[in-house]
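S.K.: Take a look at the letters that make up each chain.
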Amino acid sequence: MTYLFYPGCSMDASALEYKTSMLAVFKTLGAEVQELKDWTCCGASVAPVMSDLLGLALPARNLALAEQNGERELLVGCSACYTNFLRVAQAAANPATLARINQALEVENVTYHGRIRARHMLEVLATDYGKDAIAALVKRPLKGLKIAPYYGCQTVRPYASYDDGQHPTSMVGLIEALGATVQHHLHEATCCGTALLTTKPHVGFEIVAQILNAASSADCIAAVCPMCHLNLDSYQDKASMVLGKPVKVPVLFLPQLIGLAFGLPQSDLMLQREVVPVDSVLAKLPA
Amino acid sequence: MTTSEAIDLTGTKRNPAFSDSLTPAGHKLRTCIQCGTCTASCPSAEAMDISPRQMWRMVNLGLEDEVLHSKTMWLCSVCYQCHVRCPRGIPLTETIAKLKQLAIQTRIKEWRESTNFYHVFADVMRRYGHMREMEFMARYFLTTNPFAAMQFTGMALAMLSRGKIRPEIPKLGGEGRLDRLFNRVAELEGRK
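Residue numbers (this note's numbering), protein chains in the order written: chain P, 8 to 294; chain W, 125 to 316.
I should point out that these hints are in silico values taken from the structure, not numbers from a laboratory.
Every residue, glycine too, gets a C-beta built ideally from N, C-alpha and C.
Be aware that a few hints might be false.
Claimed, not checked - If we take Cβ atoms under 8 angstroms as the criterion, some of the chain W residues that face chain P in the derived model are:
id : residue
1  : P167
2  : Q205
3  : A221
4  : K224
5  : Q225
6  : S238
7  : H254
8  : M279
9  : A282
10 : R286
11 : G287
12 : K288
13 : I289
14 : L305
15 : V309
What the hints assert, rightly or not - Listing some non-contacts, in silico: residues in chain W with all C-beta distances to chain P over 12 angstroms:
id : residue
16 : C156
17 : C159
18 : N184
All chains, full assembly: derive it from the sequences and hints.
M.R.: Quick look at the structure:
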């Protein structure tokens, strides 16, 4: 299978290990992934606050570029980009809105037709491949490893159709395919706090603390969004202060865990980039 | 405000068209039944000065000033939980984005730690066409509250040492990557 891929800002910067491991996993699965050329920021949750049209035009610029090759699907790893693309596709179903978006896009010499569909990396792994296809490629089963799935918010809501928006399960089969155990907890689809960690730190730290506390009986957390990963991995000292007890649980991107089970080299997994060291995870694995 | 506290609206300035102005879906707020599912679903409701349920009632009552000056909207982390759970199917999260937009456009002075986040983020996006995390954080803290940056130094150092963030030289002059698109949007929206 071939996929056109939109990395977005984070996967090219702080979450480079997400992009690198995802590409390596897809390659192992036999997929051909091509990065969208000349992409720009999707506008995150900021553009719609600055202006209605900017909030539509920034994601639409990328969708328009992607449509130029006749593609019908766009692979996305960041849940915020993903939600933005689905939001714009829904708004563009109104011909007047679509026309206005294209008035704005004239200066970029592209036209959006509303034909292309964004698909989350998790959706593609769970539905185009699934448990059996993943399990068939496992060389080093993650036996004995308890993995807490963490979907966050925009990975599964409000527009995702591949999973339940409040009680998602799409990671379960994938984690089991690796030979690991799924450690369910009460905050799998709770928000990570996103920008509150910066703008209202005390509120954000509390949110992160509750999630980490709920997931702390696992050996590690599996994340599928750069923002979730950043918040859960980078603020564990603050969360420990909030909880009044030390909490230390490694947070890996799901493709890093799949890559580990596939026996992919360290250069594909970039495990040394995580703030909370993953040594405890590696030590648990059979030699 | 506590839940039991009644609001005396005598002589209060009200904008009866407030909910309708929150396009495209604000008019649906008229069907709000005040069930409180939004408040119960919100991960940061406890830190708000007015709860989401109260805020939507105030929007319907046309209490524009009170709502726009409240910090409630700035505690929304855009997680869409209230949005998907609302029994009336009101797209609440996207209506909050519109409230934030109004507050920024009417130059509300409070909650600068939040409003400035949007201004700096948008400017970095316009200039480079993508996010530059380090420049964004540096500019955000320098222009908001440099002392608040202290509690992030440990995290920033950890990320620097792992190569997760990297210093880049800011490009201050010249045309920004998305200047044309930003200008075109402003022109179409009659802001230029």
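S.K.: To test your reading of the hints: which numbers does this structure violate?
M.R.: none
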